[in-house]
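S.K.: Sequence:
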Amino acid sequence: MNWQEIGISSGLVLLMIALIMAVDLEVPVEMRPIGFALIIPLFMVAMGLAGLKLVDT
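Residue numbers for the sequence shown follow the working numbering, so the first one is 221 and each next one is one higher.
Honestly, the hints are just simulated from the structure, not real lab data. Yeah, the Cβ is synthetic: ideal placement off N, Cα and C, and Gly gets one too. It cannot be assumed that every hint is accurate.
Cut-off 20 Å, straight-line C-alpha distance, at most; resulting in silico cross-link-like pairs (SDA-like, lysine to any residue) [unchecked claim]:
#1 K273 with L262
#2 K273 with M241
#3 K273 with I228
#4 K273 with I254
#5 K273 with G227
#6 K273 with V247
#7 K273 with Q224
#8 K273 with A238
#9 K273 with N222
#10 K273 with W223
#11 K273 with I240
#12 K273 with V243
#13 K273 with E246
#14 K273 with S230
#15 K273 with A242
#16 K273 with A257
Derived CB-CB ranges, DEER-like [said to hold, decoys possible]:
#17 L269 with I237: 17 to 23 Å
#18 L269 with I240: 34 to 40 Å
#19 M241 with V265: 28 to 34 Å
#20 Q224 with M264: 36 to 42 Å
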């Protein structure tokens, strides 16, 4: 297994968890679903871009 892949994936997962916690703690209740709905697609795009970069290396 590629250590760079593990590090990037773990970092992105931790970033997603931190963003979800920040939305849960800081965003008003009526806006939380929008925050969660924005975080998940951004995470998916970031993981896809990271995967493309790792495939190219």
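S.K.: If a hint holds in the structure, say so; if it does not, say that too.
M.R.: Each hint, compared with the structure:
Between K273 and L262 the CA atoms are separated by roughly 16 Å; this keeps the pair inside 20 Å, and the hint holds. Between K273 and M241, the direct Cα distance comes to roughly 28 Å. Violation of the 20 Å bound is thereby established for this hinted pair. Between K273 and I228 the alpha-carbon distance is near 11 Å, which keeps this suggested pair within the 20 Å criterion. For the proposed pair K273 and I254, the alpha carbon gap of about 29 Å is over 20 Å, so the pair is violated.
For the proposed pair K273 and G227, the alpha carbon gap of about 13 Å is at most 20 Å, so the pair holds. A C-alpha spacing of about 33 Å is found between K273 and V247, which places the hinted pair above 20 Å, so the restraint is violated. A hinted pair counts as satisfied when its Cα atoms are at most 20 Å apart, and K273 with Q224 qualifies at roughly 11 Å. Among the hinted pairs, K273 with A238 is inconsistent with the structure: their alpha-carbon atoms are about 23 Å apart, more than 20 Å.
For the hint pairing K273 with N222, the CA-to-CA distance comes to about 13 Å; that is within 20 Å, so the pair holds. For the proposed pair K273 and W223, the alpha carbon gap of about 14 Å is at most 20 Å, so the pair holds. Restraint check for K273 and I240: the C-alpha separation of about 25 Å exceeds 20 Å, so the hint is violated. Of the supplied pair hints, the one linking K273 and V243 is violated, its CA atoms being roughly 28 Å apart against a limit of 20 Å.
The straight-line distance between the Cα atoms of K273 and E246 is roughly 33 Å, outside the 20 Å bound, and the hint therefore fails. Simply put, K273 and S230 have alpha-carbon atoms about 15 Å apart, close enough for the 20 Å limit, and the pair holds. For the hint pairing K273 with A242, the CA-to-CA distance comes to about 28 Å; that exceeds 20 Å, so the pair is violated. Restraint check for K273 and A257: not satisfied, since their Cα atoms lie roughly 25 Å apart, outside the 20 Å limit.
For L269 paired with I237, a C-beta distance near 19 Å keeps the hint of 17 to 23 Å intact. The hinted range of 34 to 40 Å is not satisfied by L269 and I240, whose Cβ atoms lie roughly 20 Å apart. Between M241 and V265 the C-beta distance comes to about 20 Å, which lies outside the given range of 28 to 34 Å. Separation of Q224 from M264 is about 20 Å and departs from the stated range, judged on CB atoms against 36 to 42 Å.
Hint violations for this structure: numbers 2, 4, 6, 8, 11, 12, 13, 15, 16, 18, 19, 20, all remaining hints satisfied.
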